[in-house]
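Q: Protein sequence lines correspond, in order, to chains A and B.
If you read the first sequence in our numbering, its first letter stands for residue 1, the second for the next number, and so on.
If you read the second sequence in our numbering, its first letter stands for residue 1, the second for the next number, and so on.
Keep in mind the hints are simulated off the structure, nothing from the lab.
Ideal placement from N, C-alpha and C gives every residue a C-beta, glycine not left out.
Be aware that a few hints might be false.
[Unchecked claim] Cβ pair distances, simulated, as ranges:
{"no.": "1", "chain 1": "B", "residue 1": "G259", "chain 2": "A", "residue 2": "A155", "range": "53 to 61 Å"}
{"no.": "2", "chain 1": "B", "residue 1": "A307", "chain 2": "A", "residue 2": "T27", "range": "42 to 50 Å"}
{"no.": "3", "chain 1": "B", "residue 1": "S172", "chain 2": "A", "residue 2": "E31", "range": "28 to 36 Å"}
{"no.": "4", "chain 1": "A", "residue 1": "G18", "chain 2": "B", "residue 2": "H279", "range": "44 to 52 Å"}
{"no.": "5", "chain 1": "A", "residue 1": "G18", "chain 2": "B", "residue 2": "D54", "range": "29 to 37 Å"}
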Amino acid sequence: MSGPSPAVARSEGPADKGPSLMAWRSTLTYEDELSPELQRYIAALLDGRITGHRCPSCSRVYVPGKGFCPLCMALTTERDEVAVSDRGVVTGFTVITPVAYPGQHQTEPFVYASVLLDGASSVLAGMEAGQDIIGIPHDQIRAGMRVRAVWKEPADRSMDDITSRGWGCLAGVITGFTPTAEPDADPADYRGSLV
Amino acid sequence: MPASDIAIVGYAQSPIAATSASEVQLLLPVVRDALAMAGLGYGEVGFTCSGSCDYLTGGPFAFLFNLEAVRAWPPIEESHLEMDGAWALYEAWIRLQGGDIDTALVMGSGKSSSSRPADVWTLQGDPYYLAPLGVDPLSLAGLQARALIDAGKATERDFAEVAVRSRRNAASNPHIGAHVGPHVGAHVGPHLGAAGELSVAAALGSEYVRAPLRAHDLAPFSDGAAAVVLARGDRARSLCERPVWIRGIDHRIEPHLPGFRDITSSASTSLAARQAGYHGGPVDVAELCAVSSPQELILRAALGLPADTLVNPSGGPLAGNPVIATGLIRIIEAASRIMNGSADRALAHAAGGQLLQQNLVCLLEGELWPNGVP
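Construct all of the structure, not just a fragment, from the sequences and the given hints.
A: Structure (structure tokens):
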């Protein structure tokens with residue numbers, strides 16, 4: 001936690017003319033030891049592979065594997081690990097126009113998209129995964145659009161941003177998803193995956 | 001419907017230890033085990049209520065991920081609080097008064113090992129006036145201890161005796177892990193450990209962390225989770241051989257600024273106890289959410305506990321303190337002693353805010369005459 005910063009600390013107005021104000025910026029630092037499931041997931045991502053856990057009860061595939069199925073409550077382990085494709089379908093998206101605030105590094109409009117990967121049952125939700133859609137004007141992005149991951153060079157891949165508080169972050173290993181030019185998916189194939 | 005018609009029929013708590021498991025992974029087994037103890041399956045409770053803390057988790061909507069531990073599909077009736085799970089139990093107790101449901105699931109969870117608790121609680125407890133001064137929980141606890149000594153209400157030896165008894169009791173608590181988490185003392189002095197033998201003389205010979213408090217006088221910050229199943233009336237009797245009846249439960253709050261109140265006593269604890277129906281009668285066990293040894297002395301006095309009441313037989317928060325679950329665990333520890341027949345009447349206490357700002361008191365009883373009054 002930081003103390004008062006000379007750059008922002010200030011007083012406004014003499015004490016006898018009402019309250020004085022002090023700007024004070026604070027920071028909290030968190031350091032996670034990631035769960036064994038996330039550590040395996042990350043190791044695969046850095047190697048260019050996306051993995052999940054297949055529930056032994058209902059066969060749904062979760063990316064990443066959580067160690068359990070939240071619908072069946074069955075436990076899963078690395079024995080239930082499966083590979084999923086790096087191609088999928090956009091199930092929903094938001095074009096974000098950033099405004100400046102502490103911690104916001106974006107300056108130009110960008111996209112948070114939810115992507116259902118081929119072979120996965122769980123959606124990589126935009127807020128968690130930070131997936132941009134690239135290589136297409138924003139006004140042409142649509143639900144149902146087929147996309148593929150654009151991987152970063154191995155040396156540029158980093159999972160520093162992944163935390164145990166969310167699931168499915170790909171932002172450190174891919175630049176974004178880009179259209180494959182395949183025909184759009186049938187809405188019936190991704191209905192119910194609109195996270 | 002009388003308030004005494006609601007009982008604890010199942011419970012479970014995780015090991016109290018630093019872990020790499022996610023918060024929902026901590027909750028998963030305790031929810032499963034609490035439901036199993038009550039003989040209920042997922043989706044068979046009428047209401048679910050959870051306590052979690054975004055400041056501790058380090059992200060918004062902590063409760064949302066935690067809901068995966070209860071199987072929230074098909075949709076369930078659910079609520080959550082940014083408070084200790086003891087308050088989730090209170091909300092569930094209120095919800096059960098509606099009379100249209102007869103079971104509820106309560107949980108509380110927190111991972112302290114990801115953050116620096118001295119920073120988190122400084123900001124969470126008072127982001128307005130005290131945080132810029134850097135008044136951390138340890139310093140506040142030291143001020144409270146000093147005030148208690150200055151008022152002639154306690155001595156450093158009294159503090160040490162509380163800590164020594166806590167450690168002795170904790171030695172037989174199977175939930176206390178080898179690494180209870182980042183101990184406050186670890187940042188500033190040698191960590192004496194939370195469980196095991198310690199003499200009063202040795203305790204008094206150790207270094208101050210925040211004078212007049214030493215490492216053993218201050219609770220660690222642990223990871224952990226707990227869950228409780230409540231049931232009403234005959235449903236409780238059918239689910240449990242010896243339901244633990246909640247005879248009364250109440251919570252009261254004081255101004256958050258410590259300077260606005262007498263920190264050598266706890267008026268809100270006294271009031272909550274009276275409102276919960278406790279007026280100083282015999283109590284076999286009291287589990288108190290004291291995160292410093294002086295706080296146990298303050299709470300004993302505020303509740304008016306008889307001298308022969310067994311206080312914190314689990315070791316209490318001084319031995320293991322998974323913040324946000326710590327208060328709910330006090331209720332579980334008290335209830336477990338009624339459930340196993342070693343106690344008939346117990347008090348459980350939970351606290352929130354800085355220096356016992358908000359206090360919850362719960363009066364628990366076993367069925368004294370299950371077959372009717374003799």
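Q: All hints are to be evaluated individually against the structure, with a verdict given for each.
A: Status of the hints after comparison with the structure:
With their beta carbons about 56 Å apart, G259 of chain B and A155 of chain A fall inside the hinted range of 53 to 61 Å. Between A307 of chain B and T27 of chain A the Cβ separation comes to about 48 Å, which falls inside the hinted range of 42 to 50 Å. The beta-carbon spacing between S172 of chain B and E31 of chain A, approximately 33 Å, falls within the hinted interval of 28 to 36 Å. Range check, G18 of chain A to H279 of chain B: Cβ separation about 49 Å, and the 44 to 52 Å hint holds.
Separation of G18 of chain A from D54 of chain B is about 34 Å and conforms to the stated range, judged on CB atoms against 29 to 37 Å.
Comparing the model with each numbered hint stated earlier shows that all of them hold.
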